[in-house]
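Novice: Spelled out from the first residue to the last, the chains are:
Protein chains: 2
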Amino acid sequence: MTNILQDHIKKTISVDTEKLQLLADFFEQKVFAKKETLLSEGKTCREIFFVAKGCLQIYFVKPNGLEQTIDFAIENWWTSDFMAFLKHTPATFSIKAVEKTNVFILFNSSQQKLLTEIPEMETYFRLIFQRAYAASQKRVRLLYEFSREDLYLQFSKNYPDFIQRVPQYLLASFLGFTPEYLSEIRKKNIS
Amino acid sequence: MTNILQDHIKKTISVDTEKLQLLADFFEQKVFAKKETLLSEGKTCREIFFVAKGCLQIYFVKPNGLEQTIDFAIENWWTSDFMAFLKHTPATFSIKAVEKTNVFILFNSSQQKLLTEIPEMETYFRLIFQRAYAASQKRVRLLYEFSREDLYLQFSKNYPDFIQRVPQYLLASFLGFTPEYLSEIRKKNIS
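Residue numbers (my numbering), protein chains in the order written: chain E, 43 to 233; chain V, 43 to 233.
Bear in mind the hints are in silico, worked out from the structure with no lab data behind them.
Computed from a predicted model, the values in this text were never measured in an experiment.
Glycine included, C-beta positions come from ideal geometry on N, C-alpha and C.
There's no promise every hint is true.
Selected chain E positions facing chain V (Cβ under 8 Å, derived; list incomplete) [claimed, not checked]:
#1 Leu128
#2 Thr165
#3 Phe167
#4 Ala174
Covered stretches of chain V (in silico footprint by chain E; criterion: 3 or more residues with CB under 8 Å from a CB of chain E, positions within the stretch not fixed) [unchecked claim]:
#5 124-132
#6 167-173
#7 194-201
#8 220-230
My request is simple: use the sequences and hints to build the entire structure.
Specialist: Written as structure tokens, this is what we have:
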């Protein structure tokens with residue numbers, strides 16, 4: 043499994059293969075079962091997660107007790123509560139596994155050592171965060187530009203496999219629909 | 043003026059002062075007048091901007107011809123169309139000066155040379171993008187959590203100086219209000 047992260051790093055930056063052998067010392071590998079929690083709102087956030095296989099849901103719990111999904115992370119994405127990770131403060135949202143998910147975990151106690159021993163990883167993380175921020179900027183524009191129904195149609199066109207993979211109630215929560223309304227839109231656009 | 047960027051870098055990372063003297067070779071300094079355009083939708087985006095003094099508006103033009111503000115950048119913030127900058131594609135939104143604004147510009151033609159000659163700048167930009175992404179994740183949560191009226195009240199509480207500084211029609215556009223509706227909310231909450 044280490045190879046999945048190594049491959050992602052090799053695709054992103056140029057680095058000697060022998061240096062990549064050192065990576066195992068810095069990352070913890072873990073498998074989470076479907077619906078298992080990786081990070082809980084209110085707990086100090088000390089780690090960031092790389093999805094090697096599977097899918098994670100990032101959400102918070104609304105005053106009415108319902109989960110509001112704000113993001114997903116699938117293969118080759120990093121996720122965490124990055125503000126809480128940076129500031130060593132309690133997480134403001136939770137992360138759990140949508141399906142059985144294999145992750146690599148980087149704890150903040152290992153991060154500085156990793157960056158000192160393999161300085162190329164500064165470039166890797168610079169590019170990871172640069173891309174993530176660019177994608178997020180694009181997302182904010184889409185939120186302003188499209189109605190929620192149009193967002194769903196855009197999403198279906200751009201990520202057809204993802205739409206099939208994620209339970210519909212989670213997709214509805216992400217899009218801010220009720221599951222019933224999502225079901226209506228789907229019927230309308232299939233017929 | 044170089045000192046403003048140097049100070050920001052020194053606050054963010056540890057780097058020899060003599061290395062910082064080299065910075066002037068990589069950045070272009072420019073002053074934009076109020077309402078002057080820095081980046082136009084549709085034009086190839088080759089640069090990123092650091093605001094030394096002033097305020098920038100990031101927006102796109104809706105089919106009805108109105109500007110939709112999606113973000114602002116004030117002192118010590120970097121901005122650009124980061125996806126277009128990364129992929130060397132046409133910008134999907136525009137940037138213009140809200141007031142007279144002094145910026146440092148880093149062109150992609152200089153970026154690689156800067157990172158090679160001053161490798162500490164990899165750490166600087168890693169931290170810049172990590173913070174920007176963290177802030178954006180927090181913003182997405184707020185967009186799901188609060189009504190637009192509550193967002194305005196939160197915003198007023200957290201950034202009182204900013205609320206005074208930015209023209210109300212731009213603030214209304216950012217919050218997705220009409221200027222008239224914003225004016226009503228303000229009156230309601232002052233009285």
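Novice: With reference to the structure, classify each hint as holding or not holding.
Specialist: Going down the list of hints, with the structure as the test:
Because the closest C-beta pair between leucine 128 of chain E and chain V is about 6 Å apart, less than 8 Å, the hint holds. Interface restraint check for threonine 165 of chain E: the shortest CB-CB distance to chain V comes to about 5 Å, inside 8 Å, so the restraint holds. Interface hint at phenylalanine 167 of chain E: satisfied, since its Cβ lies 5 Å from the closest Cβ of chain V, which is below the 8 Å cut-off. Evaluation of the alanine 174 of chain E hint against chain V yields a held restraint, the C-beta minimum of about 5 Å falling below 8 Å.
With 4 residues having a beta carbon nearer than 8 Å to a beta carbon of chain E, the stretch 124-132 of chain V meets the requirement of three or more and the stated coverage holds. Given as covered by chain E, the stretch 167-173 of chain V passes the check, having 5 residues with a CB less than 8 Å from a CB of that chain where 3 are the minimum. Interface restraint, the stretch 194-201 of chain V with chain E: violated (0 residues with C-beta to C-beta distance below 8 Å; minimum three). With 0 residues bearing a CB less than 8 Å from a CB of chain E, the stretch 220-230 of chain V misses the requirement of three and the coverage assertion fails.
Consistency note: the structure conflicts with the earlier hints numbered 7 and 8.
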